[in-house]
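Participant: Sequence:
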Amino acid sequence: MTEGAVYVIDRVVTRPGAAREFVDAYLESYAPGARNRGMTLRQLLVSPPIWFDDQPNTVTVTWSLPSARAWWEMTWQGRPDPSIAEWWSEMDDLILERSRSVAAAADDVDRLCDV
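Here the sequence shown is numbered in this note's numbering, starting from 2 and rising by one per residue.
Worth flagging that the hints you see were computed from the coordinates, not collected in a lab. For each residue, glycine too, the CB sits at the ideal point set by N, CA and C. Warning: the hint list may mix true and false statements.
[To be verified] Here are the computed distance ranges between Cβ atoms for each label pair:
1) E22 x L42: 17 to 27 angstroms
2) P17 x L45: 27 to 37 angstroms
3) L46 x W89: 35 to 45 angstroms
4) E87 x D111: 34 to 44 angstroms
5) G18 x W73: 36 to 46 angstroms
6) V110 x T76: 12 to 22 angstroms
7) P49 x R70: 30 to 40 angstroms
8) E98 x W77: 22 to 32 angstroms
9) T41 x S84: 18 to 28 angstroms
10) S90 x R12: 16 to 26 angstroms
11) A26 x D108: 10 to 20 angstroms
12) S90 x P33: 16 to 26 angstroms
13) A26 x S102: 15 to 25 angstroms
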């Protein structure tokens with residue numbers, strides 16, 4: 002029986018005029034390391050769907066991992082890696098706020114909790 006996928010959702014509110022630069026940097030510099038930690042990029046959305054110069058945009062990035070075990074492995078690879086925190090620090094001038102959440106399909110939650 003499969004465990005079910007785990008989704009990691011990054012939500013970033015960019016400073017006015019900074020969304021395109023942030024997305025480019027995220028895909029060029031952050032995404033390769035995330036892939037190396039076992040994450041698969043599912044979707045990157047920009048809201049509203051226009052590159053504003055004078056207003057913030059919200060960038061929502063969804064990654065997936067095949068199981069809770071894969072999520073834990075990714076987490077333990079990333080936590081001691083100072084380059085991740087350094088990368089986010091370098092992005093401070095482009096970001097107003099950011100958050101990360103972890104989710105799963107409702108049908109998978111019971112299996113994911115059965116450890």
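Participant: The structure should be examined with respect to each hint, and the outcome stated for every one.
Facilitator: Tested hints:
no.	hint	verdict
1	E22 x L42: 17 to 27 angstroms	holds (19 angstroms)
2	P17 x L45: 27 to 37 angstroms	violated (20 angstroms)
3	L46 x W89: 35 to 45 angstroms	violated (20 angstroms)
4	E87 x D111: 34 to 44 angstroms	holds (38 angstroms)
5	G18 x W73: 36 to 46 angstroms	holds (38 angstroms)
6	V110 x T76: 12 to 22 angstroms	holds (18 angstroms)
7	P49 x R70: 30 to 40 angstroms	holds (37 angstroms)
8	E98 x W77: 22 to 32 angstroms	holds (26 angstroms)
9	T41 x S84: 18 to 28 angstroms	holds (20 angstroms)
10	S90 x R12: 16 to 26 angstroms	holds (18 angstroms)
11	A26 x D108: 10 to 20 angstroms	violated (35 angstroms)
12	S90 x P33: 16 to 26 angstroms	holds (18 angstroms)
13	A26 x S102: 15 to 25 angstroms	holds (21 angstroms)
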